[in-house]
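**Q** Throw the hints in and build the complete structure from the sequences for me.
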Amino acid sequence: MTAASLRLALVGAPNTGKTSLFNRLTGSTQKVANYPGVTVERKSGGFVTPEGRSVTVLDLPGTYSLRGRSPDEEITRDIVLGRFDGEAVPDLVLCVADATNLRLTLRLVLELKRVGRPMMLVLNMIDIAKRRGVTIDLDRMSQELGLPIVTAVAVRKGGVDELLKRTDEFLARSHEAAASEWTTPTIADLKAAQREADRIIAAAVTLPAKPDTLTSRIDSVVLHPVWGLLVLAVILFVMFQAVFSWAQPAMELLSDSFSALGQLIHGVLPESWSLLQSFLQNGVISGVGSVIVFLPQIIIIFLFILLLEDFGYMARAAFLMDRIMGGAGLHGRAFIPLLSSFACAIPGIMATRVIDNPRDRLTTILIAPLMTCSARIPVYTLIISAFVPATTVWGFVNLQGLVMFGLYAAGITSALTVSAIAKFFLWRDHAPAPFMLELPDYKVPRLRSIALGVFTRAKMFLYRAGTTILSMMVLIWFLASFPQAPAGADGPAINYSFAAMIGHALEPLLRPIGFNWQIAVALIPGMAAREVAVAALGTVYSIEGGKEAADAIGQVLAQKWTLATALSLLVWYIFAPQCASTLAVIRRETGGAKWMVVTFVYMLALAYVASFLTFNLAQALGLH
Amino acid sequence: MTGDPNSTQDNLQDIRLGRADRGFVGKIIRLDALVTGSSLSPQELEQRLVEMGFVEGARVEILHEGTIRRDPIAVRVDNITIALRRSEAMSVIVERL
Ligand SMILES: Nc1nc2c(ncn2[C@@H]2O[C@H](COP(=O)(O)OP(=O)(O)OP(=O)(O)O)[C@@H](O)[C@H]2O)c(=O)[nH]1
Ligand SMILES: [Mg+2]
Numbered sequence: 026m027t028a029a030s031l032r033l034a035l036v037g038a039p040n041t042g043k044t045s046l047f048n049r050l051t052g053s054t055q056k057v058a059n060y061p062g063v064t065v066e067r068k069s070g071g072f073v074t075p076e077g078r079s080v081t082v083l084d085l086p087g088t089y090s091l092r093g094r095s096p097d098e099e100i101t102r103d104i105v106l107g108r109f110d111g112e113a114v115p116d117l118v119l120c121v122a123d124a125t126n127l128r129l130t131l132r133l134v135l136e137l138k139r140v141g142r143p144m145m146l147v148l149n150m151i152d153i154a155k156r157r158g159v160t161i162d163l164d165r166m167s168q169e170l171g172l173p174i175v176t177a178v179a180v181r182k183g184g185v186d187e188l189l190k191r192t193d194e195f196l197a198r199s200h201e202a203a204a205s206e207w208t209t210p211t212i213a214d215l216k217a218a219q220r221e222a223d224r225i226i227a228a229a230v231t232l233p234a235k236p237d238t239l240t241s242r243i244d245s246v247v248l249h250p251v252w253g254l255l256v257l258a259v260i261l262f263v264m265f266q267a268v269f270s271w272a273q274p275a276m277e278l279l280s281d282s283f284s285a286l287g288q289l290i291h292g293v294l295p296e297s298w299s300l301l302q303s304f305l306q307n308g309v310i311s312g313v314g315s316v317i318v319f320l321p322q323i324i325i326i327f328l329f330i331l332l333l334e335d336f337g338y339m340a341r342a343a344f345l346m347d348r349i350m351g352g353a354g355l356h357g358r359a360f361i362p363l364l365s366s367f368a369c370a371i372p373g374i375m376a377t378r379v380i381d382n383p384r385d386r387l388t389t390i391l392i393a394p395l396m397t398c399s400a401r402i403p404v405y406t407l408i409i410s411a412f413v414p415a416t417t418v419w420g421f422v423n424l425q426g427l428v429m430f431g432l433y434a435a436g437i438t439s440a441l442t443v444s445a446i447a448k449f450f451l452w453r454d455h456a457p458a459p460f461m462l463e464l465p466d467y468k469v470p471r472l473r474s475i476a477l478g479v480f481t482r483a484k485m486f487l488y489r490a491g492t493t494i495l496s497m498m499v500l501i502w503f504l505a506s507f508p509q510a511p512a513g514a515d516g517p518a519i520n521y522s523f524a525a526m527i528g529h530a531l532e533p534l535l536r537p538i539g540f541n542w543q544i545a546v547a548l549i550p551g552m553a554a555r556e557v558a559v560a561a562l563g564t565v566y567s568i569e570g571g572k573e574a575a576d577a578i579g580q581v582l583a584q585k586w587t588l589a590t591a592l593s594l595l596v597w598y599i600f601a602p603q604c605a606s607t608l609a610v611i612r613r614e615t616g617g618a619k620w621m622v623v624t625f626v627y628m629l630a631l632a633y634v635a636s637f638l639t640f641n642l643a644q645a646l647g648l649h
Numbered sequence: 026m027t028g029d030p031n032s033t034q035d036n037l038q039d040i041r042l043g044r045a046d047r048g049f050v051g052k053i054i055r056l057d058a059l060v061t062g063s064s065l066s067p068q069e070l071e072q073r074l075v076e077m078g079f080v081e082g083a084r085v086e087i088l089h090e091g092t093i094r095r096d097p098i099a100v101r102v103d104n105i106t107i108a109l110r111r112s113e114a115m116s117v118i119v120e121r122l
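Chains as they are written, first to last, in the numbering used here: chain A, 26 to 649; chain B, 26 to 122.
Warning: the hint list may mix true and false statements.
Pulled from the structure, derived: some chain A residues nowhere near chain B, Cβ distances all over 10 Å [to be verified]:
hint	residue
1	E66
2	E76
3	S79
4	K235
5	D244
6	G253
7	M264
8	I437
9	L472
10	F503
11	F507
12	P602
13	L638
For lysine to any residue, the following SDA-like pairs were computed, each having C-alpha atoms within a straight-line distance of at most 20 Å [claimed, not checked]:
hint	chain 1	residue 1	chain 2	residue 2
14	A	K56	A	I324
15	B	K52	A	R224
16	A	K235	A	R156
17	A	K216	B	M77
18	A	K235	B	R101
19	A	K216	B	I105
20	A	K235	B	D103
21	A	K216	B	E90
22	B	K52	A	A227
23	A	K216	B	R55
24	A	K448	B	R55
25	A	K138	A	A202
26	A	K68	A	D110
27	A	K216	B	R101
28	A	K235	B	R84
29	A	K216	B	R94
30	A	K484	A	K468
31	A	K619	A	W452
32	A	K468	B	I105
33	A	K468	B	S64
34	A	K484	A	I324
35	A	K138	A	M166
Keep in mind that the hints were calculated from the coordinates and are not lab data. Backbone N, C-alpha and C define an ideal beta-carbon position, used for all residues, glycine too.
**A** Dropping the structure here:
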């Protein structure tokens, strides 16, 4: 950033398209979705205007007022008021409004005017307004507000051309920032501002004679007391079935390609290079490959979540779940963070910033890691496909998909239970926090942004496979291969390795829950990321078992483990805090190590107890 | 703004939005955050309601109700839809249109 670079800040009510504008201006791919409260952090980016000015632009969390009632809204307030550490006041505030829904933003505009910064109003989503027949008298509105106004379509190429032009014009002139008159608005101020905003809207905006009723027609089913819940259940059910059935062909293709690749390497390298051969085949291909195989499933789960988010369903799901979650002591707004945690707990925990009450926010953070994140999918899938037959039950349900659904349900149930217990013991006197959420109009999901979103996640997954997982695999391969077996020793060479020593040392701890030393070895690197455990098992068993094992880790497991062990490991993965990055985020978001330790300990304890019960019960039932 | 809920200012035809049924269409007469079961202070609750567009004169319509005890409700406030619980909606005094 040069000293000459001008600073823009995007401010506005939630869900008005600030991040879409930011992405369009800077070419970034920050998260965009159709519900309020997507952005919870300040994001900075740069671009050059058509006239060659270099500009730094800040994307900020949406807010209805500068009052800052939750952590995300405080960021916006502090930036606008110039109170944010290490960030100068913006030279130009771009106030972004949804042209179809001006009431709340215009009130915010009136509040922002009092801050005295140079400002421009961007009427975004003008495409939707036009399609619905809403006409806006821009000159009149600009005159009433005393602000320059431009229209924009953030999601369309060229949709910000006028904005760029006007920004250039604006920046060409010099602007004196007025002194800030802003004080926290009182209720009377807010009401007066709202009346003024309504007056301006009445003067400048003409609504069509026939309002758009699509959203309310969809909602009459989706928010119906009975059908609504049914729709939600069906959506979740189809999602988990799809993760299993649709991904299958692609996964088989990938896993066949990897074993072919392994064979190829085996064939190409001379026999005397057996160490390199083993490294590539067992360490890299069996290890990393066994994780990459799950890419199709990751893509499907993200596809579903992104579609729901873009369509506008998430806020509806929060509405449907509010009372049910309230019964477990959770805030209605906890639903979206928890549903995002199906993808990954880290963005889920970040998303809790929209919850204003600190206790509600903390409870949500504590249980978010119990939601079944996508990193568990490889572990679950591996074990399920090895131990559960792919039969069809009740005529149409894939049994493996059903077990998967059960694991998700177990995650959700345990999260709700933990929350209820936490509420009971920690903050019994705490009355339920209010739930107020804007339900946005439905939007047709945009193919490009969905594709981009899926692509970004897939890339992240592969990147992790190439970095974290690969480096862990190198380590595991090394530990599992050295020291090498003495000449003439019997049994697999791995029995003499460091890995075996570590595994055997841990085994007594884990034997009560049915884990053998190979699992013990896999659990440690599995702390880096859950799916590493799959890769580690792949490497350990393929070094132990040789070529055949490398091809079919699932079959090897089916031979070597009892069903009781498999079930116990599945249950372990529902609860165990096997993810260092999640713990780090909890530490950051709660501002200290205390709650991170609490999370780690309670999850570990739950995992151990639940696995112990599962293993012993399964054994008692004779499941071998 | 009224203080005591039993004050004579309460007209008989006053309806609290939190008690209205689905399909109700009305206009906001005033806010009275003192008598609700909300965990927020009356001041804070009123402020939030105003921030979401619940101000005197706004047209409200109850579009949808939740499954359990018909809670929460989705309310059309002028031209936006807000989901909130009945306990908070109790503070919104409306008249039927
Ligand atoms: N049709 C249309 N859709 C838009 C436009 N701008 C944004 N959207 C959609 O509006 C929704 C909200 O966009 P975001 O960019 O996430 O909004 P935001 O203001 O950053 O929201 P928060 O971060 O929650 O405050 C997304 O579904 C976008 O695809 C536009 O100009 N036209
Ligand atoms: Mg945003």
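**Q** Determine whether the non-interface label on P602/A survives the test: each CB of chain B must be over 10 Å from its CB.
**A** At about 31 Å from chain B, P602/A clears the 10 Å cut-off, so the statement holds.
**Q** Checking a non-interface call: every C-beta of chain B should be farther than 10 Å from the C-beta of K235/A. Is that right?
**A** holds, 14 Å
**Q** Does W452/A sit within 20 Å of K619/A, going by the straight-line distance between their CA atoms?
**A** holds, 17 Å
**Q** For the pair supplied as a hint, K138/A and A202/A, confirm whether the alpha-carbon distance does not exceed 20 Å.
**A** Holds - the C-alpha atoms of A202/A and K138/A are around 11 Å apart, at most 20 Å.
**Q** Would the pair K216/A and R101/B pass a check requiring their Cα atoms to be no farther apart than 20 Å?
**A** At roughly 18 Å apart (the allowed maximum being 20 Å), R101/B and K216/A satisfy the hint.
**Q** CA of K235/A to CA of R101/B, is that 20 Å or under?
**A** holds, 16 Å
**Q** Would the non-interface assignment of F507/A survive a Cβ cutoff of 10 Å against chain B?
**A** holds, 60 Å
**Q** Would you check the hint for K52/B and A227/A, treating anything up to 20 Å between C-alpha atoms as holding?
**A** holds, 17 Å
**Q** Between the alpha carbons of K484/A and K468/A, is the straight-line distance 20 Å or under?
**A** Answer violated: K484/A to K468/A is near 26 Å, above 20 Å.
**Q** A cut-off of 10 Å on Cβ-Cβ distance, and M264/A was said to be off the interface with chain B. Does that hold?
**A** holds, 21 Å
**Q** Taken at face value, is the distance from the CA of R156/A to the CA of K235/A at most 20 Å?
**A** holds, 12 Å
**Q** Run the distance test for K216/A versus R55/B: straight-line Cα separation, threshold 20 Å.
**A** Measuring from Cα to Cα gives roughly 11 Å; hence the hint holds.
Comparing the model with each numbered hint stated earlier shows that hints 5, 6, 21, 24, 29, 30 and 33 do not hold.
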